[in-house]
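If you read the sequences in order, they're chains A and B.
Position 326 of the first sequence, counted from 1, bears residue number 326 in the UniProt record's numbering, the numbering being contiguous throughout.
Position 129 of the second sequence, counted from 1, bears residue number 129 in the UniProt record's numbering, the numbering being contiguous throughout.
I should point out that these hints are in silico values taken from the structure, not numbers from a laboratory.
A couple of the hints might just be wrong.
[To be verified] Here are the in silico distance ranges between beta carbons for each label pair:
no., chain 1, residue 1, chain 2, residue 2, range
1, B, Leu181, A, Arg329, 38 to 44 Å
2, A, Lys326, B, Leu102, 41 to 47 Å
3, A, Lys53, B, Pro63, 56 to 62 Å
The structure presented is a predicted model; accordingly, all values stated were derived computationally and were not measured.
No residue lacks a Cβ here, since even glycine has one placed at the ideal position from N, Cα and C.
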Amino acid sequence: MNDQLKDLTAKVASGLMTRREFVGRAAALGVTAAVANSMLAGRAQADAHEAPKRGGMMRIGSSGGESTNSQDPALVASEAPLNNIRTWGELLVEVDSKGMIENRMAESVEASADAKTWVFKIRKGIPFSNGKDMTPDDVLKTMQRHTNEESKSGALGIMQGISEMKVDGDNFIVELETANADLPYLMADYHLMIQPGGGMDDPGAAIGTGAYTVEIDEPGVRHAFKRRDDYWDADNRGFADEIEQLILNDATARTAALQSGQVHIINRIDPKVASLLDRAPNLRVESVAGRGHYVFIAHVDTAPFDNNDVMLALKYAINREEMVDKILRGYGSVGNDFPINASYPLFDDSIPQREHSIEKAKEHYQKSGHDGSPIILRVADGAFPGAVDAAALFQESAKAAGIPLEIKREPNDGYWSEVWNVQPFCASYWGGRPVQDQMYTTAYLSSADWNDTRWKRPEFDTMLNEAKAELDGAKRTAIYSKMAQMLREEGGVILPMFNDFVAGVSNDIGGWTNDPNGPVMNNLSHVKCWLKNA
Amino acid sequence: MHPILKLVAQRLALGIMLLFAASILIFAGTTMLPGDVAQQILGQSATPQALANLRAELGLNEPALTRYFSWLGGFLQGDLGTALTNGRDIAESLGGRLKNTLFLAFWAAFISVPLAIFLGLLAVRYKDRWPDKLISAVTLTTISIPEFMIGYVLIYWVSIRMGLFSSVAIINDGMSLGEKLNAIAIPVMVLTLVVLAHMMRMTRAAILNVMQSAYIETAELKGMGMLRIIRTHAFPNAIAPIVNVVMLNLAYLVVGVVVVEVVFAYPGMGQYLVDHVAKRDVPVVQACGLIFAAVYIGLNLVADIVSILANPRLRHPK
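Next comes chain A alone, as it looks inside the complex (with noise of 0.2 Å):
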């Protein structure tokens, strides 16, 4: 099915187009009556809003997991435990699959006029799974581990900027320094799961008040659990009766483990093979464009690429129509040298597409004045699937504009601690964030500790608090435009490309939504699917 086919199957299954008006169209398109009404009553059986049943045991196949993960949610960095979590533990807020705050432990969320004051109210009588209610204490004393001195958790750098947590009667208030119009989406990270008093005297217990509790937690091969009968939200989340999550590193094996029926759903499906296995009976591909990419990045406050003009030329030579092609054959998007894209609120679309131009290149390359020595480009297999073939196609490119660019391969293992953020031209990749606000000031922002291109402008620093602390839409749309603008002109990020997120589902799975937010709904979709033969 084309795209524009599918597009107007999609909007007839959501009452948009009425069928009379879709078999006109598809006859404009070149398909006869009776082939328009059989597809879309496919497509409306596979996505009418049907019942979620109840029951089952759903198995899921992730990469991701290694016996050294641990049910502690500050911990957690890769997908397998990611998804571990999502079963036993709730967030305070969730961001939803349109990019608006879903409330889950907090009934509402309100902030005072300048957004420095954020009241969370929490929910009553929501049940741990040791039996005990949830309180606005638990919450807080939650976001007190995940912020204090001794934390470790992989949230510390979001908390930053609270200056006073507090409970007053329902209420859990967060006092920040300078406002932030954006906090409910900092508390939406997938760390902040509600625990126990905190989980400060276990915190890797698994108490939460999810929908499941953990039955079996064997790291790095399988983890099962049972679903409580006590669940809150069990209307929308919690289908099956069991899942079993089992650990398949290797992206073979987890393929033949959807084909042979073995797991339900699988995560990162290899771009290489995703049009190959579509293809096969019984199950899917979907993918979802995302706001996660991958990056080449240098370092401008170091020679030669302090010189914007050899940015310029490098970001002209790159060639992102071929990158999507060959590296993520068509499962992506190209990028324009700014970490945003249209999956984020408030993106404007008007800023023009940069164009591969061998002409342009090889003039900035000429007007930077650069002596023609090798520019080295550091890469490694586990810095983005592709990496290295990526590289490749960058350095002949670039060869074609006069550009002498040099690959030195490094090894995957100590990749994140000896060359990303550490040397001055590397390649990368970024998951990305729930909005722009967290996306700048995680890697752009002058002061942060994941400055991996060394951007310290004072300019774009004030525009970036600027726009945090700006309730109105548009002018906050307006901001983020010149920031992405300037970023794109001088800043030392070349960003060919935005990957979608890829995952296989059996066709026994119903509720499947796709969720720009991360790969497999958000890590959600274990939770949130259900059985159609339970």
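Since chain A is already given, all that's left is putting chain B on it; use the hints.
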């Protein structure tokens, strides 16, 4: 003291010294790798503050020598300690993995060793005729293909196309023996194909070597059948080299099957070790490394003793 007992005692003492040396090498090697356990746990998202906090909690600020001796002290008292990464008791998690590794190795050996020796004998019986050539060609082909490739091919044909066995070999204590064997059937096939050639060729070569001897000719002149000559005269004298190569392959089945474990997601020790090396989790790497070293040293010891027992000249030294 009986000379054999003395030899075993000597070998054991030497083995223990070797293990000690191995523990130093493993510790030094893991410490020299770039990055430390705190960096590896927190990954790309590590902030300096979080790193410092985690290092302090894990005791990584102690000097390396102090850490080594405190580990050694615990080890000598039978305490393997807890994993730095997830705080689990090492003896407990390692025990389960070791059991799985031995389970897979046992069944692979159970099938491959008798099969290899039988095929070796068959090859000798039909030397230079088509059965000999066929056996050699097939086993040499399978040993030459990388094991993950054999694994993928068997998964595709046996599991996906024929729907016979499971492509995922994850086993657990709740499964019956039948279910476990079903789960490991394909990995056992792969391992058998991988180790067959080595043992088969050595059996064939060792026996052919003996067959050149004068006493075999005598037996032939007495009118004995070929298979009987091989069984009663040639095989006992060829045992030493065969046992040696069998032990080497058994050791491989225990310590060298990490690739197969990955392909089939089998919860054995290899994958467990690799995960912890990647995270620089020194106590776990030490424990795994020592078990692997002990298996190697132990099996070699067994091979030596068997060759001595099989050879009267070594059994009764002058």
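Discussion item. Please list, smallest to largest, the hint numbers that this structure does not respect.
Written reply: none
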